[in-house]
Amino acid sequence: MSEWWRGATIYQIYPRSFQDSTGNGIGDLNGITKRLDHVAALGVEAIWLSPIFMSPMKDMGYDVSDYTDIDPLFGTLADFDALIARAHELGLKVIVDQVLSHTSDQHEWFKESRTSRTNDKADWYVWAEPSADGMPPNNWPSVFGGAAWEWEPRRRQYYLHNFLIEQPDLNMHNADVQDEILKSMRFWLESGVDGFRLDTVNYYFHDTELRNNPPAPQHIIDEQVDTYGMQNHIYSKNRPENIAFLKRMRALTDEFDARMMVGEVGDGGQTAIDIMGEYTRGDDRLHMCYSFEMLGPKFTAAHFRNTIEGFQKGAPDGWPSWSFSNHDVQRHVTRWSEFSENPDDLAKQAAAMLMSFEGTIGIYQGEELGLAETELEYSELTDPPGLRFWPENKGRDGCRTPMVWDASEDGAGFSAAKPWLPVKEPQKLRSVNTQTQANDSVLHAYRETIAFRKMSDALVKGSTEFIDLPEPLLAFHRVAEGQTLTCVFNLSKSSQTVSLGSEAKISGPHNASISDGNLILGPNGFAYLESGETAGVTLKKTA
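Under my numbering, the first residue of the sequence shown carries the number 400, and numbering increases by one thereafter.
I should point out that these hints are in silico values taken from the structure, not numbers from a laboratory. Just so you know, not all the hints are guaranteed correct.
Each pair of labels, with its calculated beta carbon distance range [claimed, not checked]:
| hint | residue 1 | residue 2 | range |
| --- | --- | --- | --- |
| 1 | K510 | K823 | 39 to 47 Å |
| 2 | A527 | S862 | 31 to 39 Å |
| 3 | D436 | P552 | 28 to 36 Å |
Quick list of in silico lysine to aspartate or glutamate cross-link-like pairs, EDC-like style, CA-CA up to 16 Å [said to hold, decoys possible]:
| hint | residue 1 | residue 2 |
| --- | --- | --- |
| 4 | K939 | D915 |
| 5 | K817 | E779 |
| 6 | K823 | E774 |
Since the model is a prediction, treat every value here as computed from it, not as a measurement. Yeah, the Cβ is synthetic: ideal placement off N, Cα and C, and Gly gets one too.
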């Protein structure tokens, strides 16, 4: 199917932390290949690999020094070919990360660019004159703290880095840069990858006039623990020039059969929803986008409904991608723990809810085990934001600790050596081996729920019609030709009862029961309901 990605479930692998095959404590490509049977057994359609390219690893691979080669830490191009071959044997598509807004400062392009104002790559990065007093040209901050500008004495200019100092931003206004980026993408398409996850897709272009960003609204400023969120970044990202480049990328992928692109929108609120709509509108831009709207602390029916309806209104012909966790945010079982007394119940409900959403679904390694955030000491950290802003911001290491395969082994089956981040007992207790042997485990719930979704045209292809119920109840119909499925979720740790206005039966995975015409939802309860009614089950909250 050329549009295999519609309604698919994509499993994100963080290569450093999936499986070590060499005994150096760091995961690698051969380790991933070894463990692909586990991924295939979940029933997902694809894997997404976080960066595996040449890199000094200042930002764990998101600082690329060569776009068309594998970092020796992870293996070789031959190892990558073997991974793709095995994945395809198992029916899994392979998506690779593309970090195109910036490179490493060790990339050959930047090494040349920084030497003078007249070399062949002089305009390949974003350079600017200092202010009259020698300070940076404007007020743009770095996501990782401090100014987004670094002085280069050889050129007597500043270069832009939206992230680390070691991650200079490419100048996408330069057509030669665009051409070279597209050339590197073609290399991977010809290598057999099935698509791209585009890192920070809304950061590609900057305002050429370098105007100052205005402040964010005061209520947003008051919530921030670092300075980046205190601005409205209308000039340093989210620029209109991005659309033309997205169209060039789409034209490239359309040269190949059954390929796709999903963009990460690094923004929040209505801005994120608007960008998702703009970037996926029509058939000549991205296939999908996702934002951080479901990757934050909000866990209310209104929030999930508003996010989904916002996309429906902003991009009626677009296609969204939804996920609850990834390598950049606290794991959702920890993030939403205040709404549950039992982490297993929360994890199973989250799986059922995510798999009921219209769009393409992303799950992050370990999510299928109900893993919580790993509690780390400062001395154990590797992530730049955590090292700089501890303890208010503990960084991203807590969600990046190694997969736990076997609780009986010191390294939890991940490595025979000391792993690059520690494996701790709370995580080991949730190992794949342990949960495989327990019929009521979170792992079994994920397998069952993904299988149920794949068998349901309503969940994979259907439209969404929300039902008006009070908090903490989220409810909607998923409607496809010949099938209506009513999905109901109790987003609280107290029981809720809903009266059924029509005959109904529970279908598939559930944490609920029907009694005397009522649907009884326990703490973090959920149910998929079927009835003979074309419009779906009628629901009404009892007093």
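Against the structure shown, which of the earlier numbered hints fail to hold, in ascending order?
Violated hints: 2 and 3; rest satisfied.
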